[in-house]
Amino acid sequence: MAIKDVLLYPNPILKGLCVPIDRLDETVIQLLQDLVDTMVAAGHSVGVAAPQIGDTRRAVVVDVSHSKLGKKQENHGLLQMVNPKIIEREGQTVVREGCMSVPDYTGNVTRAERIVVQFQDQDQQLQVITADGFEAIAIQHEIDHLDGYLFLDRVSSLKTDLFRRK
Amino acid sequence: MRHFALTIIGRDRAGIVSEVTSVLYQLGCNIADSSCSILGGQFSMILIISHPELHDQQSLSEAFTPLEQNGLSVFLRTLKPGGEEHPEMQGEICMISVYGADKPGIVYRVARELGERQINITDLNTKLIGAKDAPVYVMMIEAILNQGIEIEEVENWMAGLKAELKVDISVRSITPMEL
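Protein sequence lines, in the order shown, are assigned to chains X and V. In case it helps, the working numbering puts the first sequence at residues 1 to 166. In case it helps, the working numbering puts the second sequence at residues 1 to 179.
Among the hints, a few may not be true.
[Claimed, not checked] Over the 10 Å line for every Cβ pair with chain X, so calculated as not near, a few chain V residues:
{"#": "1", "residue": "GLU53"}
{"#": "2", "residue": "PHE64"}
{"#": "3", "residue": "LEU67"}
{"#": "4", "residue": "GLN69"}
{"#": "5", "residue": "LEU72"}
[Unchecked claim] Okay, the calculated beta carbon distance ranges per label pair:
{"#": "6", "chain 1": "X", "residue 1": "LYS68", "chain 2": "V", "residue 2": "GLY83", "range": "32 to 38 Å"}
{"#": "7", "chain 1": "V", "residue 1": "ILE121", "chain 2": "X", "residue 2": "ILE129", "range": "36 to 42 Å"}
{"#": "8", "chain 1": "V", "residue 1": "GLN118", "chain 2": "X", "residue 2": "ASP25", "range": "54 to 60 Å"}
{"#": "9", "chain 1": "X", "residue 1": "SER156", "chain 2": "V", "residue 2": "GLN118", "range": "28 to 34 Å"}
Simulated from the structure, these hints should not be mistaken for lab results. Just so it is clear, CB atoms sit at the ideal spot from N, CA and C, and this is done for glycine as well.
Turn these sequences into a full structure, and let the hints steer you where they fit.
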């Protein structure tokens, strides 16, 4: 069990592409545990991706069940995801996001409303789940980290875009 | 380091940002925070700038003279020490949409409800839209709710105004998802 420091931009690891995990060995279990510990230690944030703690393998953890917004809707509780991949996206929603790796800034980001995501869990089982709302947004945000995307790369509007559409 | 608030406004056209930032760059000014947008037909720039050595507002102001000659209005103000720092603000962020047939007092009445309760407005946009013979006023307010105030409470404050001003008002939380 280890709480890791969350890397801050401009650390180059946050802009790199993470590598797939071939074998779910002890080091991967350790990585997942570190991600969970770090997430809980950060005032129970709703997710952490491996590159945020300096590991460039494709793993994220998400848990919206403790957050004010996530609690209100059905969710999967703690998700430990190895090689997660979004295989279906549906709908569109704009949400204001912030990120532990980019402190003091938030932006409006367009995300899919509902996603189907496949991944290997901590017990090496292949899972395919459908996530909605806040949980779907959190998963998309964390998977973006594995591809070197920050929410800054996804900002869709400056403040209220009502005034910009013409 | 001395900080200044710089406001520049002028009829919108291509090249304004380039001209302004060229002057700032050549002076050696830093742009800390800035926000620029088109209001009416005017491009409006608000910037917090600083300079490592220049402390004298007069000498900075003179550098902007060419901009004035290009049809831009420039206003510079020296900030008191600490005036450049963003205050720590805790609390839920809410968005209040107010829209309806244009009439006097929409901005004032809504702002008064918030001001009287010490609610801090952090962003405000208004725009006149719709047909010439049926103008519609739209206002978007972002405000930080003081500890313990719920969205429902804000809705209650606005309920009376809806009837009084005959406008539609909706309130929702836009507190960022911290991920």
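Going down the list of hints, with the structure as the test:
With a cut of 10 Å on Cβ distances, V/GLU53 stays outside the contact zone with chain X, its closest approach being about 27 Å. V/PHE64, annotated as away from the interface, keeps every beta carbon of chain X farther than 10 Å; the closest lies near 26 Å. Taking the minimum C-beta to C-beta distance to chain X, about 24 Å, the non-interface status of V/LEU67 holds against the 10 Å cut. With a closest Cβ-Cβ approach of about 30 Å to chain X, V/GLN69 is found to remain outside the 10 Å limit, as its non-interface label requires.
No beta-carbon of chain X is positioned within 10 Å of the beta-carbon of V/LEU72; the least distance is around 22 Å. Judged by the Cβ atoms, the range 32 to 38 Å given for X/LYS68 and V/GLY83 holds: they are separated by roughly 34 Å. The beta-carbon spacing between V/ILE121 and X/ILE129, approximately 41 Å, falls within the hinted interval of 36 to 42 Å. As the Cβ distance of V/GLN118 to X/ASP25 is approximately 56 Å, the hint placing it in 54 to 60 Å holds.
Between X/SER156 and V/GLN118 the beta carbons are some 33 Å apart, a value that agrees with the proposed interval 28 to 34 Å.
Hint check: no violations occur; every hint is consistent with the structure.
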